[in-house]
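All letters in the sequence shown, in the order written, are residues 162 to 291 by this note's numbering.
Derived from the structure by calculation, the hints contain no laboratory data.
Where hints are given, some of them may not hold.
Said to hold, decoys possible - Computed beta-carbon distance windows for the label pairs:
hint : residue 1 : residue 2 : range
1    : 263       : 176       : 33 to 41 Å
2    : 176       : 233       : 49 to 57 Å
3    : 284       : 244       : 38 to 46 Å
4    : 285       : 254       : 51 to 59 Å
5    : 241       : 170       : 40 to 48 Å
Quick reminder that beta carbons are idealized off the backbone N, C-alpha and C, glycines included.
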Amino acid sequence: MPGWDAQSDVLVPIEPAVLARAQAAGPDQVILTGVVAVFRALADPTRARILYALANGPMCVRDLAILVGVTESAISHQMRYLREQHLVRPQRRGNVIAYALDDHHMAALFREAEYHVDHVRQGIADHPYI
Numbered sequence: 162m163p164g165w166d167a168q169s170d171v172l173v174p175i176e177p178a179v180l181a182r183a184q185a186a187g188p189d190q191v192i193l194t195g196v197v198a199v200f201r202a203l204a205d206p207t208r209a210r211i212l213y214a215l216a217n218g219p220m221c222v223r224d225l226a227i228l229v230g231v232t233e234s235a236i237s238h239q240m241r242y243l244r245e246q247h248l249v250r251p252q253r254r255g256n257v258i259a260y261a262l263d264d265h266h267m268a269a270l271f272r273e274a275e276y277h278v279d280h281v282r283q284g285i286a287d288h289p290y291i
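With the hints as extra help, turn the sequences into a complete structure.
Pasting the structure below:
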């Protein structure tokens, strides 16, 4: 079989320099695990709606429940998950807890995803790499 070294039972790279560059550029396991966790959090439509809403400013659980169309209990459950992923943080407002995005990165990630979806939808070619 081409590309296969039967002696060592290992695949032989077709372009060793390209493979080496990709291996050197890849994130370490801790970063990769974190990236996968963020995308897992975004893979749920309810959580994505919550994060989109919070990109416009802090909101309390009840208002998020009304906006998203689920129970306050369901929002609280999702907020616990999002807090564990360090995507949101609580803010006390008297006797009400509001939630905010933990930092600006989530809004930037949404923007980039929107650009990608829009380019695919419109058939726009990718920007050249710099």
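Subject >> Structure versus earlier hints - violations, ascending order >> reply: 4
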